[in-house]
Amino acid sequence: MKFLLLTLFLTASLHAEDNLKIVAIGQAEQEVEEIFFSVKGLRSLKSNKKKAQIAVEVFQNDFSYYRKLFKVQGRKSPVQKGHHVNFQFFDEGGLRLSVTLSNRNGSKAKFDAFLSVGNLRQKIHQINDNIYRQLTGKSSIFNSKIIFVSDKGSRRSHFVKELYSMDYDGGNKKQLTFHKGTVIGPALSYDKKKVLYSLIRSSMHKRNVNLYMLDLETGKHQVISSRRGLNTGAVFFPGDKEIILTMSHEGNAELYKMELETKKLTRLTKHFAPDVDPSINVQGNVITFLSGRPGKPMIYIMDPSGIERSVKRIGYVGQFNATPRFSPDGREIAFSSWMDNRFDIFRIDANGMNLVRLTKDYGSNEDPTYSNDGQFVAFSSQRVISRRKAVNKVVIMDRDGEIFGPITEGFGNCITPRWSK
Amino acid sequence: MSLYNRDMKSAFMFSIGLHITPLLLLLAFSQTDYYKKKKNFQIIPLSQAVRIDVVAMPKMSLQELKKMGGAPPPIAVKETPAKEEPKQEASTDDKDAFLKEGKKLKFSDLIKKYGDKKLKIPEETKIAKSKASSKVNKRDAAFNKKLENLVMAGNKLSKGEALTGDSSFRDTTVLESYAGKIPDIVRPFWKLPTYLMNKTDLKCRIRIFIKSNGTILKAVIFESSGEKEFDERALEAVKMAGTLPMVPAKAQNAAVNGEIVLGFPL
Numbered sequence: 019m020k021f022l023l024l025t026l027f028l029t030a031s032l033h034a035e036d037n038l039k040i041v042a043i044g045q046a047e048q049e050v051e052e053i054f055f056s057v058k059g060l061r062s063l064k065s066n067k068k069k070a071q072i073a074v075e076v077f078q079n080d081f082s083y084y085r086k087l088f089k090v091q092g093r094k095s096p097v098q099k100g101h102h103v104n105f106q107f108f109d110e111g112g113l114r115l116s117v118t119l120s121n122r123n124g125s126k127a128k129f130d131a132f133l134s135v136g137n138l139r140q141k142i143h144q145i146n147d148n149i150y151r152q153l154t155g156k157s158s159i160f161n162s163k164i165i166f167v168s169d170k171g172s173r174r175s176h177f178v179k180e181l182y183s184m185d186y187d188g189g190n191k192k193q194l195t196f197h198k199g200t201v202i203g204p205a206l207s208y209d210k211k212k213v214l215y216s217l218i219r220s221s222m223h224k225r226n227v228n229l230y231m232l233d234l235e236t237g238k239h240q241v242i243s244s245r246r247g248l249n250t251g252a253v254f255f256p257g258d259k260e261i262i263l264t265m266s267h268e269g270n271a272e273l274y275k276m277e278l279e280t281k282k283l284t285r286l287t288k289h290f291a292p293d294v295d296p297s298i299n300v301q302g303n304v305i306t307f308l309s310g311r312p313g314k315p316m317i318y319i320m321d322p323s324g325i326e327r328s329v330k331r332i333g334y335v336g337q338f339n340a341t342p343r344f345s346p347d348g349r350e351i352a353f354s355s356w357m358d359n360r361f362d363i364f365r366i367d368a369n370g371m372n373l374v375r376l377t378k379d380y381g382s383n384e385d386p387t388y389s390n391d392g393q394f395v396a397f398s399s400q401r402v403i404s405r406r407k408a409v410n411k412v413v414i415m416d417r418d419g420e421i422f423g424p425i426t427e428g429f430g431n432c433i434t435p436r437w438s439k
Numbered sequence: 002m003s004l005y006n007r008d009m010k011s012a013f014m015f016s017i018g019l020h021i022t023p024l025l026l027l028l029a030f031s032q033t034d035y036y037k038k039k040k041n042f043q044i045i046p047l048s049q050a051v052r053i054d055v056v057a058m059p060k061m062s063l064q065e066l067k068k069m070g071g072a073p074p075p076i077a078v079k080e081t082p083a084k085e086e087p088k089q090e091a092s093t094d095d096k097d098a099f100l101k102e103g104k105k106l107k108f109s110d111l112i113k114k115y116g117d118k119k120l121k122i123p124e125e126t127k128i129a130k131s132k133a134s135s136k137v138n139k140r141d142a143a144f145n146k147k148l149e150n151l152v153m154a155g156n157k158l159s160k161g162e163a164l165t166g167d168s169s170f171r172d173t174t175v176l177e178s179y180a181g182k183i184p185d186i187v188r189p190f191w192k193l194p195t196y197l198m199n200k201t202d203l204k205c206r207i208r209i210f211i212k213s214n215g216t217i218l219k220a221v222i223f224e225s226s227g228e229k230e231f232d233e234r235a236l237e238a239v240k241m242a243g244t245l246p247m248v249p250a251k252a253q254n255a256a257v258n259g260e261i262v263l264g265f266p267l
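Heads up: the protein sequence lines correspond to chains A and B, in order. Note that my numbering gives residue 382 to position 364 of the first sequence, counting from 1, and the numbers run on in steps of one. Note that my numbering gives residue 6 to position 5 of the second sequence, counting from 1, and the numbers run on in steps of one.
Okay, chain A solo, but in the shape it has when bound:
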């Protein structure tokens, strides 16, 4: 009988557990992890001291972009915590660098590199990317490139805008095109080997905006499309075999898909309103573009596998929206919009929710482009100096609008940045 009572009691107490209230705490915050950074062998160096100092600077600058994840500390840690990065320099013919990464779990990684003048920054970026991968399991922006258009070297009599490329941090700037014309709307392929751009040649009799492709390995360029009217705003499809571009040979600006080898065209949009500025996600199944269908330029998305397939309007506000750009994962769209007599960068989720403003009181900002990891946005910022003069710079901020600063200081007027994906 006692046993029976006991069992009854036990089951009763079990039932009491059903009354528990579960309260959701929500997503955790990102903890800022500490990296203890030490340098050895710097003093004993003779001729290569400057190179070594640059290497240290590049490391610190690279990780300063991820200040929400890591805090780089110069001093040695008193207790065994955080991650430890050690740069050891050797004078062996050239400059040899040995980097060790260790953390409290005892895991270790080692990276070696021979540094010369030509590859110094690139090698350090690679090492930093390896360190970042070890710590987070993701790839960083350290190896990424940005292409942009600059009017550097143009005179009042002859105005040119040529295409340039640089590392994401503004180092290693290179001129890519020498057309002595106006390059607009560049796009970088996913393998970083090809560049699409449109060109307006001032010398040409009939001004037509043609589309060119430049092979960065051979340095040769070719005309991709020269139909009457616009041939602009081209972007590579993931895989670099196809492109999407805006063309107006049928009278009205519409989006087309083109196979690069056969030049075969497939029309994507069919509407009496203009459709321009396509941007594609990494999967290649959604594009976002700007359309004048509602009477004002508004942001739309669609499936690029068919004509007018699942077209959906995303934005409903803004006086004048421009340049919608997908984040690599396709979850967010950054765009610029006219507000308070200037353009500013905004961000909206691909489902039309969470519209936020990213820039404010920082000149006029246009042409956002997401970094390869989706954590940063580069854009061109214009400061009006006088009635006739304005300065354009490429500026980097994180996806929440925290500005890191310009990376093309003193390099002419730089516009239309495109971050490699």
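Worth flagging that the hints you see were computed from the coordinates, not collected in a lab. Check each hint, because a few of them may be wrong.
Here are the simulated lysine-lysine pairs, PhoX-like style, with alpha carbons at most 25 Å apart [as the list claims (entries may be wrong)]:
hint : chain 1 : residue 1 : chain 2 : residue 2
1    : B       : K212      : A       : K156
2    : A       : K64       : A       : K141
3    : B       : K192      : A       : K99
Starting from the known structure of chain A, fit chain B onto it as the hints suggest.
Same frame as chain A, but now just chain B:
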């Protein structure tokens, strides 16, 4: 017929056995994971989804909104006491004026008053009027300030106060509303390193036993995530939070018995 009948006794034992075995089976089954998963807990969602119809581009940038912090901007306008004093005087003057007028208002007086071609307005009311108008100006200023703050706040979403869930039990709502306050206290301490942030499917639940004054008596892992550090971080967050607000009388019993379980993240 007595109970000591042999057949009857064996039948009785058999019946006891028949009843107890399913009970034991039930008991054993209840300990299995399958049962635990099947349990339907009353989950109180922390953040309510708010549907907003966007009518204009946001004026304030995300950085500005972040700087404003979690709390909405103070909508109530604070005024210094020095400013308030003349206000009060004005209002008392107002009342007196009306009172005096009220006293004067006799029928004969009224006839006399309106019989006069020149309307004499008593000076006191004049003053009162001017004071009142100044008061109105002040009120306008205060209102404008309020409006400004409201516009600022309008750019920002505040969390909903209401809790959803099955609130068929009247006396549990006190506990629910108390439990609803806990996440805001614990969340600032709920931090994860990068490698755990990347694993999005981890889930840990911690059962807490709370004394009536709000101190956490005990915090135990109710459902483990399977990742040791994740569980430790969740426990640490609860411990770092320290004391919780006083438990309301109606919920004290349930709180001490550990009826509140915190879900990290759900």
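Checked hints:
Pair hint B:K212 plus A:K156 does not hold up; C-alpha atoms about 44 Å apart against a cutoff of 25 Å. For the hint pairing A:K64 with A:K141, the CA-to-CA distance comes to about 21 Å; that is within 25 Å, so the pair holds. Pair hint B:K192 plus A:K99 holds up; C-alpha atoms about 16 Å apart against a cutoff of 25 Å.
The structure fails hint 1 only (numbered hints given earlier).
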